[in-house]
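A.B. asks: Chain by chain, the residues run as shown.
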Amino acid sequence: MSACLDIANLSAVLANGQRVLRSVSLTVQPGEVRALVGESGAGKTMIGKAVLGVLPSSVSIVEGDMRLEGEDLGKLPPKARRALIGARTALIPQDPLTALNPSRRIGPQMTDRLVRILGWSGDGADRRTRQLLDEVQIRDPDRVLKSYPHELSGGMRQRVLIAAAFAAEPRLIVADEPTTALDVTVQKQILRLIAALQREHGTAILFVTHDLGVVAKISQKVSVLYAGKVVEEAGTADLFAAPRHPYTRALMAATPRYTDPFASLKPVDETVLAGLAAEIAAADQAWRRPNG
Amino acid sequence: MDEARISRRGWSPRLWLAGGWLLIALLAAIFAPLVAPQDPLAQDLMLERLPPFWLDGAEPGYWLGTDSLGRDLLSRLIFGGRIAFIVAFAAASAACLVGSTLGLIAGYFGGWADRIISRIVDIWMAFPPVLFAILLVAVLGTGLSSVILAIAIIDWTRFCRVIRAEAMGQSRMDYVENARIAGYGRIGIMLREVLPNVVPSIVALLSLEMGIAVIVEAILSFVNLSISTDDPTWGGIIAEGRLSIHQAWWVLVFPLVTLILTVLSFSQFGEALKSRFDPVLR
Numbered sequence: 000m001s002a003c004l005d006i007a008n009l010s011a012v013l014a015n016g017q018r019v020l021r022s023v024s025l026t027v028q029p030g031e032v033r034a035l036v037g038e039s040g041a042g043k044t045m046i047g048k049a050v051l052g053v054l055p056s057s058v059s060i061v062e063g064d065m066r067l068e069g070e071d072l073g074k075l076p077p078k079a080r081r082a083l084i085g086a087r088t089a090l091i092p093q094d095p096l097t098a099l100n101p102s103r104r105i106g107p108q109m110t111d112r113l114v115r116i117l118g119w120s121g122d123g124a125d126r127r128t129r130q131l132l133d134e135v136q137i138r139d140p141d142r143v144l145k146s147y148p149h150e151l152s153g154g155m156r157q158r159v160l161i162a163a164a165f166a167a168e169p170r171l172i173v174a175d176e177p178t179t180a181l182d183v184t185v186q187k188q189i190l191r192l193i194a195a196l197q198r199e200h201g202t203a204i205l206f207v208t209h210d211l212g213v214v215a216k217i218s219q220k221v222s223v224l225y226a227g228k229v230v231e232e233a234g235t236a237d238l239f240a241a242p243r244h245p246y247t248r249a250l251m252a253a254t255p256r257y258t259d260p261f262a263s264l265k266p267v268d269e270t271v272l273a274g275l276a277a278e279i280a281a282a283d284q285a286w287r288r289p290n291g
Numbered sequence: 000m001d002e003a004r005i006s007r008r009g010w011s012p013r014l015w016l017a018g019g020w021l022l023i024a025l026l027a028a029i030f031a032p033l034v035a036p037q038d039p040l041a042q043d044l045m046l047e048r049l050p051p052f053w054l055d056g057a058e059p060g061y062w063l064g065t066d067s068l069g070r071d072l073l074s075r076l077i078f079g080g081r082i083a084f085i086v087a088f089a090a091a092s093a094a095c096l097v098g099s100t101l102g103l104i105a106g107y108f109g110g111w112a113d114r115i116i117s118r119i120v121d122i123w124m125a126f127p128p129v130l131f132a133i134l135l136v137a138v139l140g141t142g143l144s145s146v147i148l149a150i151a152i153i154d155w156t157r158f159c160r161v162i163r164a165e166a167m168g169q170s171r172m173d174y175v176e177n178a179r180i181a182g183y184g185r186i187g188i189m190l191r192e193v194l195p196n197v198v199p200s201i202v203a204l205l206s207l208e209m210g211i212a213v214i215v216e217a218i219l220s221f222v223n224l225s226i227s228t229d230d231p232t233w234g235g236i237i238a239e240g241r242l243s244i245h246q247a248w249w250v251l252v253f254p255l256v257t258l259i260l261t262v263l264s265f266s267q268f269g270e271a272l273k274s275r276f277d278p279v280l281r
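Going line by line, the protein sequences match chains A and B. Numbering of the first sequence is given in numbering that gives the first Met the number 0, commencing with residue 0 and proceeding in unit increments. Numbering of the second sequence is given in numbering that gives the first Met the number 0, commencing with residue 0 and proceeding in unit increments.
Check the hints yourself; a few may be wrong.
Just some of the chain A residues that point at chain B, by a computed CB distance under 7 angstroms [as the list claims (entries may be wrong)]: (1) Gly85; (2) Ala98; (3) Leu99; (4) Asn100; (5) Ser102; (6) Arg112.
Part of the chain A face toward chain B, derived, beta carbon under 8 angstroms [to be verified]: (7) Arg81; (8) Pro92; (9) Asp94.
Hints listed in this document are in silico derivations from the structure and should not be mistaken for laboratory results. C-beta atoms are modelled at their ideal positions from N, C-alpha and C, and glycine is treated no differently.
Only chain B is shown next, with the shape it has when bound in the complex (with noise of 0.2 angstroms):
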């Protein structure tokens, strides 16, 4: 009886959409040359502005259509999957990493070293996140690393302060206090009592920074500052897009239905893990 309502609380529609959109677009990514039904930059004016499958005009392989130099638009979706994802997941990483255990360390430890980083964190904060990320890029210089140090220097923060709160929570435990009399040592009780308790807050977070981080891509991608322009990237295609609205919808189309779908399904399917991680949900 436990058993089925285990997999039914893990295996919810929700979860099963936002857990196969994930895996579709991440596998097409990985095996975006075998997969790709064109080379995602070869240009033919003879083909373009192409209307996808269903429309009059449509030519065969090319399903979603191609932009005003008559590339692929699907191919260049899935080669700018790539990115995203290599970013989404390096990017929020490093920032999990960082925010998290600078989080736990004020939030258990207190006093002066909670002091220190908040009021870090608070001035973090205080600059506008695209603008600080911009920036950046313009500083470090564009280029797949540089894109993916911005995103983890601006949003470690929202990881510290989530963790912070935990951990403060946690440490004010009887179980924290019960290991102090026990003699453990502070750092000792930081990992095996207050850590276990807050993974499934970073896991929740994780996820959801993955999205943020495919969404601060696409726009630095969207002011030119990501990534070289010759890669496709989902925000690449969305700024070309958006210069021929009139004539190719679809070019901004399916670029931006692509990213909603990556985002959101990336924080749905952190809601579902957390609670999978959590011992008291599950």
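Bound conformation, chain A alone (with noise of 0.2 angstroms):
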């Protein structure tokens, strides 16, 4: 049986010629989660993007290929491709407040994409919202679907878009820091949902995070990213146990703790920057000879 998504030997580069993925492999099992973590700017929303279509103009893949349960995407032309990516694929974005059209209802935007992109009837696509609806524990759907975003909370209206990207039952989600937006307490409740759901509907999961604690609470692999390199690939608790490159251990003494929450906030180690850059250095010489 493939992989959900298979992610093999993935470059790309900005418009400069700047490298910001470098030769990234992953793979997601059908119904794993696989954490993506790194910091800001390493290229963990990138692969996102990469995966579901939506890369900025500015960005262009150079090299390698994606195969989304088997189906090697780079290989399907445009319209097929994007009728794969709607049909096996949803993202839980960064942040629900830009994610929801501000002048359309909640119900509409839900079911719309049931309707006319999947086909199903105006009833169907109704029940099956109320029921996403009810799962995320929203109590009051008949207020929510006729409300307009601005009118819920930031923690409703991430509910809502976690409701909207199973209610099609993707394959795949691509969770983008969904998060980070939040307040702490709302984030826990949000998190649990996400894993609540997950295991229900057996989805694969990518989940992108710069939180260690969270890959720890949700997936059951990691990739570890820095500056758009896989620097370590492991399942979660293997890493937690042991974890073998000094940029992962850096990362974990750096995640603050409430026991002492000072000394904990180190940032990285210089020598292990040094280490890292030496390492991407060395592997961008080594790419860039075959290509010429």
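Could you use the hints to bring the two separately framed chains together as a complex?
C.D. replies: Put into structure tokens, the structure is as follows:
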């Protein structure tokens, strides 16, 4: 059985030739949660966008391929690729405040996709939407469906977006820092909801985050990303028990702890960063040679 | 509580005054033959330059006085309003349709479409608008439809610029990206996701443009390039009033006041409508 998502050797460059993804390989098995962790600018979101086919026009893929359930996305004509991505994937976005259209009510925004893209009946879409709203523990679906986005809180909007993501039973969900824009108490609830729905629906998730605490709670596998390069890949339990790469260790050391908040707020060590820079320079050198 | 806030914001004194004036002026224009106290074209040299009703020497039935040919000023203003409103609605709508469509396309699609449309707009806006209008009417010939056409041809750029910028901002929003991922086509996204968010601006601009159209029409009448000289127009009356300002100031002042009130009301009304159409401000 083929992997739900299989990225092999993916490299992407900016218009000025700068590499933003460096031969990234990762797989997400069906029903599995793969965390993609790294600091800001490491290219985590870029990978998510590449999978979903919404890379900004300034970024182009120069090498590698992506397979969604065995189908090579690079070889499909654009229309078929869009249709495949639309039917089998969904996004839980980072900022629930900008991810819903402010001038349309929640109801049509949620059902539209099922009806127009996937050809459901209006009734079926409505039933399905209510069922999902129930699953994300929204108790007054009538009010929510009739609301405009600005009438709901950030947490409620993220619930709506999670419900919308799961509604069409996608095989793969890209969750792009889904809790970052929320306040801490809501973060926990949202995380639990995503985990619960994931288990129930058996959906594979590519979970992009910078928060190792979140990684530990939700994922089975982790890829650690630095400057567009996967520096370590492991099962979540293994990674936390025995991180192999110095950068991973430094990241873990930099995570704040409630028991000793100030001591743990250490930036990543200079020598580790120097080592990473050398590693990346070497990788770039090796990469440039075969391509001229 | 929500309801109270909406009604207060929606019906401020500003909106009442602006809407009230527009409604009165519009109704008077529509029912001009019934409302106007005199025939706007009837000359009577015995009644020339009668002052408005509160001054000595005023005649009953000639509320705002008469001009140098003895024509009733109020009736001429009312009939002039007909042309003003026809031009306002027709020209502004045409400019809005063309400008908003092109602006939406340029802003949403970007790339070549944007480059071509934006260059055209730049070139278009380099022409001095009033001169351009006079030139156009001179070429198209005078008459109601050429005045409307001229205003639309000149002023579509106003819509195009603003709507392009707004559509551009909307296109970068996450919900547009979500719609892409979901598999919507680009034109579908433009109409369903982007357009509703620029409608408040379109409405405000449309109302503003109606005011501008009234001004341009008045300017064209002023230089005698609008409709045939028989029909009273606000600009035409102002042009006549200018000649007799020392003998009969009212012939100049009343049409000017009418014009200013109308233009001001259009812009205020547009602002108020914008906040009513915007779900976030509402």
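A.B. asks: Are the hints correct? Go through all of them and say.
C.D. replies: Hints, verified against the model:
1. Gly85: Result: holds, 2 angstroms to nearest chain B Cβ.
2. Ala98: Holds, because the Cβ-Cβ distance from A/Ala98 to chain B comes to roughly 4 angstroms (cut-off 7 angstroms).
3. Leu99: holds, 6 angstroms
4. Asn100: At 5 angstroms from the nearest chain B Cβ, A/Asn100 passes the 7 angstroms test, so the hint holds.
5. Ser102: Holds - the Cβ of A/Ser102 comes within 7 angstroms of chain B, reaching about 4 angstroms at its closest.
6. Arg112: holds, 5 angstroms
7. Arg81: holds, 5 angstroms
8. Pro92: Check passed: Cβ of A/Pro92 comes within 5 angstroms of chain B, closer than 8 angstroms.
9. Asp94: Because about 6 angstroms separates A/Asp94 from the closest Cβ in chain B, which is inside the 8 angstroms limit, the hint holds.
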